[in-house]
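Sequences are here, hints too, so could you generate the full structure?
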Amino acid sequence: MKTYLTTLKKGIIKENPVFFMLLGMCPVLALTAAAENAVGMGLATTFVLVCSNIVISLLRNLIPPSVRLPCFIVIIAGFVTLTSLLLKEFVPWLYDELGIFLSLIACNCIILGRAEAFARKNKVLLSAADGLGMGIGFTLALFTVGSIREILGFGTWFGLSVTPDFVDPMMIFIMPAGGFFTLGVVIAVVNKIARKRPNNISCDNCPGKELCKRSMNNNEHLSNNG
Amino acid sequence: MEVSRSLIIILITAVITENFVLSQFLGVCPFLGVSKKVSSSLGMGIMITFVMVAATALTYPIYFLVLIPLNIEFMNTIAFILIIALFVQFTEMLLRKYIPALSKSLGIYLPLITTNCAILGVTIINVSGDFNFFEAVFNAFCAGLGFLLVLLLFSGVRGRIERCNIPEALRGMPITLIAASIVSLSFIGFGGIVEGIFGG
Chain A
1 MKTYLTTLKK
11 GIIKENPVFF
21 MLLGMCPVLA
31 LTAAAENAVG
41 MGLATTFVLV
51 CSNIVISLLR
61 NLIPPSVRLP
71 CFIVIIAGFV
81 TLTSLLLKEF
91 VPWLYDELGI
101 FLSLIACNCI
111 ILGRAEAFAR
121 KNKVLLSAAD
131 GLGMGIGFTL
141 ALFTVGSIRE
151 ILGFGTWFGL
161 SVTPDFVDPM
171 MIFIMPAGGF
181 FTLGVVIAVV
191 NKIARKRPNN
201 ISCDNCPGKE
211 LCKRSMNNNE
221 HLSNNG
Chain B
1 MEVSRSLIII
11 LITAVITENF
21 VLSQFLGVCP
31 FLGVSKKVSS
41 SLGMGIMITF
51 VMVAATALTY
61 PIYFLVLIPL
71 NIEFMNTIAF
81 ILIIALFVQF
91 TEMLLRKYIP
101 ALSKSLGIYL
111 PLITTNCAIL
121 GVTIINVSGD
131 FNFFEAVFNA
141 FCAGLGFLLV
151 LLLFSGVRGR
161 IERCNIPEAL
171 RGMPITLIAA
181 SIVSLSFIGF
191 GGIVEGIFGG
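As given, the protein sequences belong to chains A and B, one line each in that order. Residues 1 to 226, numbered by the working numbering, are exactly what the first sequence covers, in order. Residues 1 to 200, numbered by the working numbering, are exactly what the second sequence covers, in order.
It is possible that some hints are incorrect.
[Claimed, not checked] Computed far set for chain B versus chain A, every beta-carbon distance over 12 Å:
hint: 1; residue: R5
hint: 2; residue: I9
hint: 3; residue: L58
hint: 4; residue: P61
hint: 5; residue: Y98
hint: 6; residue: V194
hint: 7; residue: E195
[What the hints assert, rightly or not] Which stretches of chain B does chain A cover? Using the computed rule of at least three CB atoms under 8 Å from a CB of chain A, they are:
hint: 8; region: 19 to 31
hint: 9; region: 79 to 88
hint: 10; region: 143 to 156
It should be emphasised that the hints constitute simulated quantities derived from the structure, not laboratory data. Small disclaimer: the values here were computed from a predicted structure and weren't measured. Think of the CB as a built atom: it goes at the ideal place given N, C-alpha and C, for glycine as much as any other residue.
So this is what it looks like as structure tokens:
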């Protein structure tokens, strides 16, 4: 029981996919102009992440290692399609808001990364706990950035007006530039509080890491950019 | 005249006003990961442009000639991502076998591209907009050019950041994101340029 809790907690704080592993940046930047969309995106991604982790873990002894990446991609894309059909039917406004980014959950490197780093080596329930933890961590990050941007940019929070009339909303925060800026500042603050070493941009958490190494024949590694 | 006009609009929109990285947030990971050196930015940008064009040329006919007649266009995510993955693997093998020199210099960026949301994004945008086949391929090409431009510009910015003394908490990713924000800000200045030129 304790291992499940540790696995669950790890994704939320210690190994938060956005703040510490720096994965899945695109939706964190694109869908955080409003807190509502941000949380919706987080939950949709969590659903896909838990489902794909479970299925990949169930199939872990059946998928040949050499073709595992295409197999993972198909499984993930299947759940993405399922999610978008469900949302279209039951939560149409969210379906419209998320737009193309709903399909692009299939490319979210957190999901492929967890399949590669965790689900293919661990038991089903543990993989589900890992997926849930990472999903909550991702949602938390989206929620934080989304709240800051919506409050500063629109003066509202989940659609409710929060800033009094004398504060003008700063439109720049809901523009793309504000997205980059807010995420940068949030990561810096988290770094400061967590007293972690500054996180470099490296290939360590990238799901394509092994493919990359293989194709480079041990040449100079791309993570030189770290 | 009408054709060239619509192509110029696509060019300006895709490269400048609706830039994939800076205003649509597609392909942010390679943008942040590979932009440290000019040489790797150039290589990545060229490969992304190539794969975007090829992926659009492959997925566009499949969407309109196979998925739509069969009424399974909701399967586009699965179909497209499979086609892109297969194409990238295939290109990588061909390059390694027949043009090893090119494979060494540019092939290393290929595996990173398989699960790049910019590629899947451009193919989906191209089939959902009202582009014809030629315009779709051209739009993919321009989106790639825009990507290349931003990568190159940003690698210059990062070269400068490297030599600065930055507060500890901001080092690494945070300062890179803030720099990206300022670059993105400069692109806002181009807003409305299409309407301005063509009286949209």
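Right, here's what the structure says about each hint:
The beta carbon of R5 of chain B is kept farther than 12 Å from every beta carbon of chain A, the shortest such distance being approximately 26 Å. Against chain A, the non-interface label of I9 of chain B holds: every CB pair exceeds 12 Å, the least being about 21 Å. The Cβ of L58 of chain B sits about 16 Å from the closest Cβ of chain A, beyond the 12 Å cut-off, so the non-interface label holds. Every C-beta of chain A lies more than 12 Å from that of P61 of chain B, the closest at about 19 Å, which supports listing it as non-interface.
The non-interface label for Y98 of chain B is consistent with chain A: the shortest C-beta to C-beta separation is roughly 15 Å, beyond 12 Å. The claim that V194 of chain B is not at the interface with chain A holds, since no C-beta of that chain comes within 12 Å of its own (minimum 17 Å). E195 of chain B, annotated as away from the interface, keeps every beta carbon of chain A farther than 12 Å; the closest lies near 18 Å. Under a criterion of three residues with beta carbons nearer than 8 Å to beta carbons of chain A, the stated coverage of the region 19 to 31 of chain B is upheld, 8 such residues being counted.
Judged by the Cβ-Cβ criterion of 8 Å, the region 79 to 88 of chain B is covered by chain A as claimed, because 4 of its residues qualify and three suffice. For the region 143 to 156 of chain B, the stated coverage by chain A is not satisfied: 0 residues place a CB nearer than 8 Å to a CB of that chain, which falls below the threshold of 3.
Hint 10 from the earlier list is the only one contradicted by this structure; the remaining hints agree with it.
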